[in-house]
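With the hints as your guide, set chain B onto chain A.
Chains A and B, in that order, give the protein sequences. Each residue of the first sequence is one higher than the one before, starting from 1 at the first, in the working numbering. Each residue of the second sequence is one higher than the one before, starting from 263 at the first, in the working numbering.
To be clear, the hints were calculated from the coordinates, so they are not data collected in a lab. Because the structure is a prediction, the values reported are computed rather than measured. All residues carry an ideal CB built from backbone N, CA and C; glycine is no exception. Be aware that a few hints might be false.
[To be verified] Cut-off 25 Å, straight-line C-alpha distance, at most; resulting in silico cross-link-like pairs (DMTMM-like, lysine to aspartate or glutamate):
(1) A/Lys8 to A/Glu138
(2) B/Lys299 to A/Asp176
(3) A/Lys8 to A/Glu164
(4) A/Lys8 to B/Glu526
(5) A/Lys118 to B/Glu449
(6) A/Lys8 to A/Glu26
(7) B/Lys288 to A/Asp115
(8) B/Lys288 to A/Glu129
(9) B/Lys299 to A/Asp115
(10) A/Lys186 to A/Asp176
(11) A/Lys118 to B/Glu526
(12) A/Lys186 to A/Asp198
(13) A/Lys114 to B/Glu292
(14) A/Lys118 to A/Glu138
(15) A/Lys188 to A/Asp75
(16) A/Lys31 to A/Asp176
(17) A/Lys214 to A/Glu259
(18) A/Lys9 to B/Glu526
(19) B/Lys288 to A/Glu26
(20) B/Lys630 to A/Glu259
[As the list claims (entries may be wrong)] Across the chosen pairs, the derived CB separations fall in these ranges:
(21) B/Ile301 to A/Val218: 53 to 61 Å
(22) A/Ser86 to B/Leu627: 24 to 32 Å
(23) A/Met74 to B/Pro388: 23 to 31 Å
(24) B/Ile303 to A/Leu175: 35 to 43 Å
(25) B/Leu627 to A/His197: 41 to 49 Å
(26) A/Lys117 to B/Ile505: 34 to 42 Å
(27) B/Ile505 to A/Glu138: 17 to 25 Å
(28) B/Trp342 to A/Ser112: 32 to 40 Å
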Amino acid sequence: MMIKLQAKKIIFGYTSHPILDNVDFEIAPSKLVTIVGPNGSGKSTLIKCMDRIVSPQGGSILIDRKDVTNMGRMDMARYLSYVPQSSVRIFPTNVFDTILMGRRPHIGWLGSDKDEKKVWDVLRLLDIESLAMRNFSELSGGQQQKVLIARALVQEAEVMLLDEPTSNLDIWHQLDVMNIIRDVVKKKEITAIMALHDLNLASYYSDRIIMMKKGKIVAAGDPHSVITEENIASVYRVEAAVRSLSDRPMIMPLRQIREAKA
Amino acid sequence: MTSFRTLFFQGKPDAGLSRARRAGKKSNPEMAHERFKFIRIFFVLGIVGLLVLLTGIIITLGPLNISVIDSYSALLARFWPGHFSVDALISRVVWNIRFPRILGGIMAGFGLGICGCVMQAVLKNPLASPFTLGITAGAQFGISVAAVIGFSILGGPYFIIGNAFACALLCSLFIIGLAAIKGASSENLVLAGIAVNYFFTAMSQLLKYFASDEQLRLMTNWGMGDLAAFSWTNSQLLLVIFIICIPLLMTKCWDLNIMTAGDETAKSIGVNAERTRIFIMVVSSLLVATIVCFMGTIAFVGLVAPHMARMVIGGDHRFLIPASGVLGALVLMSADAVGMNLIAPTIIPTGIMTSIVGVPFFMYLMMKGKRKEFWT
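In isolation and in its complexed conformation, chain A is listed as follows (with noise of 0.2 Å):
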């Protein structure tokens, strides 16, 4: 297997009381990757680590064998881009320059003509160029979703990492938001890392799942081996049906399981 990116043993957290313990993984190239995992599994806390955001306590990033770990802010942003969950914008930006933010690992002093139409390229690949001159805070949740996308594309970072990009999304608008992630990865052939909440979106788009509880990995791989009703059961304490559809497992979470009084 060709490896894009490789993580190993990421540490973050106290001893006492690990957010990510020993965590390794490998990702092949252009595909499409969800990690999920029950509240406090560490799974944003992961893609954090991994673009620096918060620095890990130990462990290292690989993209193409490169370590990415010791690098300057402004190299590894040339590898890794990163989409929040959300962003709150305190004075009024437009979503042109926005989006233009993201090329600044490239960047002159004065910016230019090229950066530019790289930013109308990718709102025409998202279909939201009529937003450009539109303050970012005016937009829907979707739109506004979109837009931080944008960003982390004109970035030119061969991977891109997900902080829960539907969280806040009615279905129409994670359907939306997910078809987006999945063309781009297809067409810019670049990787793309998520956290996700939402399992039957990770089954029904992923290539990978990598599946956490309390900072391990405890499942990985295809969405049939990792979004099984054993694995729900033990991760999530939930008692549910999975059930193949259009070739992906969906689950239906049918009880809590209570532990059993020692």
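Only chain B this time, still in chain A's reference frame:
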């Protein structure tokens, strides 16, 4: 042509769009963006022009009759002697009396506007101003020490000013250092700033409590915000600090744009948010401390000039920094001109006049703004 295209490609707007693009034409959003970029540059150039114009007009105000032409000639003759015919008396009055004060106003306003702009960006706080970091409290404390205890780090004419500068800078560096230990987030900085501000204010008040009448007068004379202290020597000093600090701030204009999107985003795009924040704070503290020690507190300009600029040209710091500076200069010099001439020969201090003239103007802009946000 447009109507034909919309008719023909109805329901398939993309087909028309891509066809237009292949023909080398720009789409509507692109045209709007080009227009926006033009307005932005036009606005910056426009206010610079206004500044030059106003300089010439304000020079004419005063007991000696000088025409606008005379005032420009007198200034230009200093740079290209022999090309302009100027009366010697007018030339002396313009160059030695009226222009230094105006230049001082321009520089102070420019510096405060710029510092307000960058501080609002790195603190992600529309209420931030150059004085959020305790500059005034520090300077006031320095002056109290000089006046009451009689201790100053510099002697002679800089007895008061030297202390104001040193304490203002110390106070803000103390705040920055305090926040840096806990992680230089904007919340930490604002909190540390407010706390230390109270501390230094209390210390000044303690000294004030024991001060004699004469010492009190010495203390209150400073702090009204007055441009009277600006002479050619002081302006040169200020100019040196400007030449060092402003290019340093301008090199960070992209990072400032990104910082307003939050630390997480900034880090992911490659900007070390905490280091940038400290850098901006240190540089602008130096700049503000220099301005403040000469003229006291004129807080309003630094708070408001960036908001005015943002209303017109948006949040891109490549343009926002210069525009905030020029608008700050415009507000300060106009207010000072009014203060000088309203009830002449009595001069109303600049700081008082800036707020009296500036606040209604800002209120007007605030009410007129189309957008819902609180600053427009």
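The hints, checked one at a time:
1. Using a Cα cut-off of 25 Å, the hinted pair A/Lys8 and A/Glu138 is violated, with the two alpha carbons roughly 41 Å apart.
2. Of the supplied pair hints, the one linking B/Lys299 and A/Asp176 is violated, its CA atoms being roughly 31 Å apart against a limit of 25 Å.
3. Of the supplied pair hints, the one linking A/Lys8 and A/Glu164 holds, its CA atoms being roughly 23 Å apart against a limit of 25 Å.
4. Of the supplied pair hints, the one linking A/Lys8 and B/Glu526 holds, its CA atoms being roughly 23 Å apart against a limit of 25 Å.
5. With a CA separation close to 35 Å, the supplied pair A/Lys118 and B/Glu449 exceeds the 25 Å bound.
6. Taken as a hint, the A/Lys8 and A/Glu26 pair is honoured in the structure, with Cα atoms around 9 Å apart against an allowance of 25 Å.
7. With a C-alpha separation of about 16 Å, the suggested pairing of B/Lys288 with A/Asp115 holds against the 25 Å cut-off.
8. Between B/Lys288 and A/Glu129 the alpha-carbon distance is near 12 Å, which keeps this suggested pair within the 25 Å criterion.
9. Between B/Lys299 and A/Asp115 the alpha-carbon distance is near 15 Å, which keeps this suggested pair within the 25 Å criterion.
10. Distance restraint check for A/Lys186 and A/Asp176: the Cα-Cα separation of roughly 16 Å lies within the 25 Å cut-off, and the hinted pair is therefore satisfied.
11. Distance restraint check for A/Lys118 and B/Glu526: the Cα-Cα separation of roughly 23 Å lies within the 25 Å cut-off, and the hinted pair is therefore satisfied.
12. Of the supplied pair hints, the one linking A/Lys186 and A/Asp198 holds, its CA atoms being roughly 22 Å apart against a limit of 25 Å.
13. The straight-line distance between the Cα atoms of A/Lys114 and B/Glu292 is roughly 14 Å, inside the 25 Å bound, and the hint therefore holds.
14. Note on A/Lys118 and A/Glu138: the hinted pairing holds, with a Cα-Cα distance of about 23 Å set against a maximum of 25 Å.
15. Note on A/Lys188 and A/Asp75: the hinted pairing holds, with a Cα-Cα distance of about 20 Å set against a maximum of 25 Å.
16. Under the criterion of a C-alpha separation no larger than 25 Å, the hint pairing A/Lys31 with A/Asp176 is consistent with the structure, at around 18 Å.
17. The straight-line distance between the Cα atoms of A/Lys214 and A/Glu259 is roughly 17 Å, inside the 25 Å bound, and the hint therefore holds.
18. For the hint pairing A/Lys9 with B/Glu526, the CA-to-CA distance comes to about 23 Å; that is within 25 Å, so the pair holds.
19. With a CA separation close to 44 Å, the supplied pair B/Lys288 and A/Glu26 exceeds the 25 Å bound.
20. As the CA atoms of B/Lys630 and A/Glu259 are separated by approximately 62 Å, the hinted pair breaks the 25 Å bound.
21. The hinted range of 53 to 61 Å is satisfied by B/Ile301 and A/Val218, whose Cβ atoms lie roughly 56 Å apart.
22. Under the hint 24 to 32 Å, the C-beta atoms of A/Ser86 and B/Leu627, about 30 Å apart, fit the expected range.
23. A/Met74 and B/Pro388 have their C-beta atoms about 28 Å apart, which keeps the hinted 23 to 31 Å range intact.
24. The beta-carbon spacing between B/Ile303 and A/Leu175, approximately 42 Å, falls within the hinted interval of 35 to 43 Å.
25. Take B/Leu627 and A/His197: their Cβ atoms lie about 44 Å apart, and the range 41 to 49 Å holds.
26. Restraint check, A/Lys117 to B/Ile505: a C-beta distance of roughly 35 Å satisfies the suggested window 34 to 42 Å.
27. Between B/Ile505 and A/Glu138 the Cβ separation comes to about 40 Å, which falls outside the hinted range of 17 to 25 Å.
28. Taking the beta carbon of each, B/Trp342 and A/Ser112 are about 37 Å apart, inside 32 to 40 Å as hinted.
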